[in-house]
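Number of protein chains: 2
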Amino acid sequence: MNIYDISKKAGVSIATVSRVMNGSDKVSEKTRKKVLDIMKETGYTPNAFARGLTFNTMSTIGLLCADCSDHFLATAISYLEKGFRANGYDCILCCTGYELATRQSYLKLILSKKVDAVVLVGSTFIEENIEDNQYLIDASLEVPVVSVNGYLDSPNIYCTLCDDAEAICNVTTQLIQEGFQKTLFLYRSASYSGWHKLAGFKKAYRNAGLELSNKQILCHHGDINETKEMLLQYYEKDFKFDSVVAGDDELGVSAHKFAKAKGFHIPDEFSIIGYNNSKVGVCCEPELSTLDNRLEFVCSNTVQSVMNILNGQSVPRKTMVSAEYIKRGTTNF
Amino acid sequence: MNIYDISKKAGVSIATVSRVMNGSDKVSEKTRKKVLDIMKETGYTPNAFARGLTFNTMSTIGLLCADCSDHFLATAISYLEKGFRANGYDCILCCTGYELATRQSYLKLILSKKVDAVVLVGSTFIEENIEDNQYLIDASLEVPVVSVNGYLDSPNIYCTLCDDAEAICNVTTQLIQEGFQKTLFLYRSASYSGWHKLAGFKKAYRNAGLELSNKQILCHHGDINETKEMLLQYYEKDFKFDSVVAGDDELGVSAHKFAKAKGFHIPDEFSIIGYNNSKVGVCCEPELSTLDNRLEFVCSNTVQSVMNILNGQSVPRKTMVSAEYIKRGTTNF
Numbered sequence: 001m002n003i004y005d006i007s008k009k010a011g012v013s014i015a016t017v018s019r020v021m022n023g024s025d026k027v028s029e030k031t032r033k034k035v036l037d038i039m040k041e042t043g044y045t046p047n048a049f050a051r052g053l054t055f056n057t058m059s060t061i062g063l064l065c066a067d068c069s070d071h072f073l074a075t076a077i078s079y080l081e082k083g084f085r086a087n088g089y090d091c092i093l094c095c096t097g098y099e100l101a102t103r104q105s106y107l108k109l110i111l112s113k114k115v116d117a118v119v120l121v122g123s124t125f126i127e128e129n130i131e132d133n134q135y136l137i138d139a140s141l142e143v144p145v146v147s148v149n150g151y152l153d154s155p156n157i158y159c160t161l162c163d164d165a166e167a168i169c170n171v172t173t174q175l176i177q178e179g180f181q182k183t184l185f186l187y188r189s190a191s192y193s194g195w196h197k198l199a200g201f202k203k204a205y206r207n208a209g210l211e212l213s214n215k216q217i218l219c220h221h222g223d224i225n226e227t228k229e230m231l232l233q234y235y236e237k238d239f240k241f242d243s244v245v246a247g248d249d250e251l252g253v254s255a256h257k258f259a260k261a262k263g264f265h266i267p268d269e270f271s272i273i274g275y276n277n278s279k280v281g282v283c284c285e286p287e288l289s290t291l292d293n294r295l296e297f298v299c300s301n302t303v304q305s306v307m308n309i310l311n312g313q314s315v316p317r318k319t320m321v322s323a324e325y326i327k328r329g330t331t332n333f
Numbered sequence: 001m002n003i004y005d006i007s008k009k010a011g012v013s014i015a016t017v018s019r020v021m022n023g024s025d026k027v028s029e030k031t032r033k034k035v036l037d038i039m040k041e042t043g044y045t046p047n048a049f050a051r052g053l054t055f056n057t058m059s060t061i062g063l064l065c066a067d068c069s070d071h072f073l074a075t076a077i078s079y080l081e082k083g084f085r086a087n088g089y090d091c092i093l094c095c096t097g098y099e100l101a102t103r104q105s106y107l108k109l110i111l112s113k114k115v116d117a118v119v120l121v122g123s124t125f126i127e128e129n130i131e132d133n134q135y136l137i138d139a140s141l142e143v144p145v146v147s148v149n150g151y152l153d154s155p156n157i158y159c160t161l162c163d164d165a166e167a168i169c170n171v172t173t174q175l176i177q178e179g180f181q182k183t184l185f186l187y188r189s190a191s192y193s194g195w196h197k198l199a200g201f202k203k204a205y206r207n208a209g210l211e212l213s214n215k216q217i218l219c220h221h222g223d224i225n226e227t228k229e230m231l232l233q234y235y236e237k238d239f240k241f242d243s244v245v246a247g248d249d250e251l252g253v254s255a256h257k258f259a260k261a262k263g264f265h266i267p268d269e270f271s272i273i274g275y276n277n278s279k280v281g282v283c284c285e286p287e288l289s290t291l292d293n294r295l296e297f298v299c300s301n302t303v304q305s306v307m308n309i310l311n312g313q314s315v316p317r318k319t320m321v322s323a324e325y326i327k328r329g330t331t332n333f
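As given, the protein sequences belong to chains A and B, one line each in that order. Under the numbering used here, the first residue of the first sequence is numbered 1, with each subsequent residue one higher. Under the numbering used here, the first residue of the second sequence is numbered 1, with each subsequent residue one higher.
These aren't lab readings, by the way, just hints derived from the structure by calculation. You may find that some hints are simply not true.
One copy or two, either will do: identical chains are not told apart, so a pair holds if it fits within one copy or between any two.
What the hints assert, rightly or not - Only pairs whose alpha carbons sit at most 30 angstroms apart, straight line, appear in this in silico DSSO-like list of lysine-lysine:
{"hint": "1", "residue 1": "K279", "residue 2": "K26"}
{"hint": "2", "residue 1": "K108", "residue 2": "K182"}
{"hint": "3", "residue 1": "K8", "residue 2": "K26"}
{"hint": "4", "residue 1": "K182", "residue 2": "K215"}
{"hint": "5", "residue 1": "K202", "residue 2": "K240"}
{"hint": "6", "residue 1": "K8", "residue 2": "K30"}
{"hint": "7", "residue 1": "K113", "residue 2": "K34"}
{"hint": "8", "residue 1": "K33", "residue 2": "K113"}
{"hint": "9", "residue 1": "K108", "residue 2": "K40"}
{"hint": "10", "residue 1": "K33", "residue 2": "K8"}
{"hint": "11", "residue 1": "K26", "residue 2": "K318"}
The model shown is predicted, which means the values in this text are computed figures rather than measured ones.
Excised from the complex, chain A in its bound form (with noise of 0.2 angstroms):
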């Protein structure tokens, strides 16, 4: 039984048909009550084509992020999900690599699958020269475009996001402060994210009217293994750091088994801060001290900003959360 038989059995048209379903009110009284009654009687429920067709929704977001097997953005993937599944929307993940061009391709394909928004997961999505964003605002003149822990300034893109910056001079600041005036600032890729906290780094710096090193601030892209081999390398060559303040905890993991290999004492002798608060993090020994940047929270209000975005109520632009120092056996402070 489909939209077809239903359609010759009540001796309408499909179009009528549709609108039927669809609660459209150029149907008269009459043939309305005669097309329900034959689906009733049938026990015919229009499957999810004909009502995506009919209402013009799939009830489904597009959720892109660089890399799912990368642990913060799967645990994001997962906050969203649950949230949208909450709410009666199915997910379409959608795995884009970190090049901007295949990111642009897959924006374009989620689209065509009538999305009814696009969740941005993880600040990658957010390119520094303005003219690589632009693929972004243009999708959000289809539908709406939400970014977790990216910043874009555009009418229709929407933003939850930690005050990276913020969280990273102010451990900074107390590094300074504990004497620790070597600090490497170490991170992965200069994305939104990567730069605000490279911002930070430098501000603390300014603040405490301190001369900075370009030698201080290094941006590798390595596996655990590999970016200690490099920060051994580096610290014999290039740069003698006394600390190390670390974009994400796998680094801040490498900092610490640099710092093992040379025989440091920890935290006194080399201090040591990661970020986002993830299990490798228990994992060394003493612990690593890192940043909680409050993914659950960013999440559920991703998550919320969608739904009062898509039942047309108006939401912030941007709404930015400040990150949670997390002490553990890497710091004295």
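Since the structure of chain A is already known, use the hints to place chain B on it.
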């Protein structure tokens, strides 16, 4: 411009337009040409819903996993999504949690979305009690059901998995030969994978002709530090174990932290083997020896199986691969 406009412009019914889009042979060549010309002329491309309605497929795969913030499951989802995407399929993600009733209702929900296949990510979906798997068998009568890392013997259910039992049996035998005969088998849940690992552990003791105490088997669900504390108590009160074979790397890291807290020398006094070859195992020092269950192969084989099934090709119902032992610092062999 939509299907109604096309039908109006061509002077034919919507059903006819739909038949043309569908490639039905119940349309005259003349009508077909007229409809296609108007589509071309107006630049109309059928949208996703209309295509779904006519082809009765949305080219979507339902991915069910218990918890995608679990690193192992998230990595599987990442591989699967990339594989299905490369074949032109979208993935609807559904994080079901671990409760049977919730999993059942989510599976029902995902079937109502008219997915082309359902992939069960992780072995938690297969229950030991046969009746509790009936909902999966029922679903497999509607669409192909494919399991990653669990096996269920049913005509339309296809499984790719690692031989967990053999892998655990082998490393346990090695421990016995090294003189570690008070090994604790520590696992998280009585899932398909969990009880097969347990069976492998028991088999090693049987093969060696050694008696196995039921105190050597411990099922525990907790985070890394909770599990460490539990182990400290268990050691004091219940059983003085000399090594741990863990069902996953996180449990292995807990055992590592337990051994450090007790001051045991790893690996001479106390050996540990994890499972999954995940990131957490390289965060501790010495790094955790582990078993790699070849997740990437398992996932790519799963994608290929689904594609072959949907193309009407014959596919083995069960594909089993052996794990690879990764020697690191917590074992001597």
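Consistency of the hints with the structure:
1. K279 <-> K26: neither (58 angstroms within a copy, 60 angstroms between copies)
2. K108 <-> K182: neither (45 angstroms within a copy, 58 angstroms between copies)
3. K8 <-> K26: Both: 19 angstroms inside a copy, 17 angstroms across copies.
4. K182 <-> K215: Within one copy, since 10 angstroms is at most 30 angstroms while 51 angstroms is not.
5. K202 <-> K240: This pair counts as within: shortest intra-copy Cα distance 18 angstroms, inter-copy 52 angstroms.
6. K8 <-> K30: Both ways: K8 and K30 sit 16 angstroms apart in one copy and 24 angstroms across, limit 30 angstroms.
7. K113 <-> K34: between (33 angstroms within a copy, 27 angstroms between copies)
8. K33 <-> K113: Cα proximity of K33 and K113: across copies only (27 angstroms, versus 33 angstroms in one copy).
9. K108 <-> K40: Classified as between; 21 angstroms across copies, 39 angstroms inside a copy.
10. K33 <-> K8: both (15 angstroms within a copy, 26 angstroms between copies)
11. K26 <-> K318: Classified as neither: same-chain Cα gap 41 angstroms, cross-chain 55 angstroms, threshold 30 angstroms.
Checked against the numbered hints listed earlier, the structure breaks hints 1, 2, 11; every other hint is satisfied.
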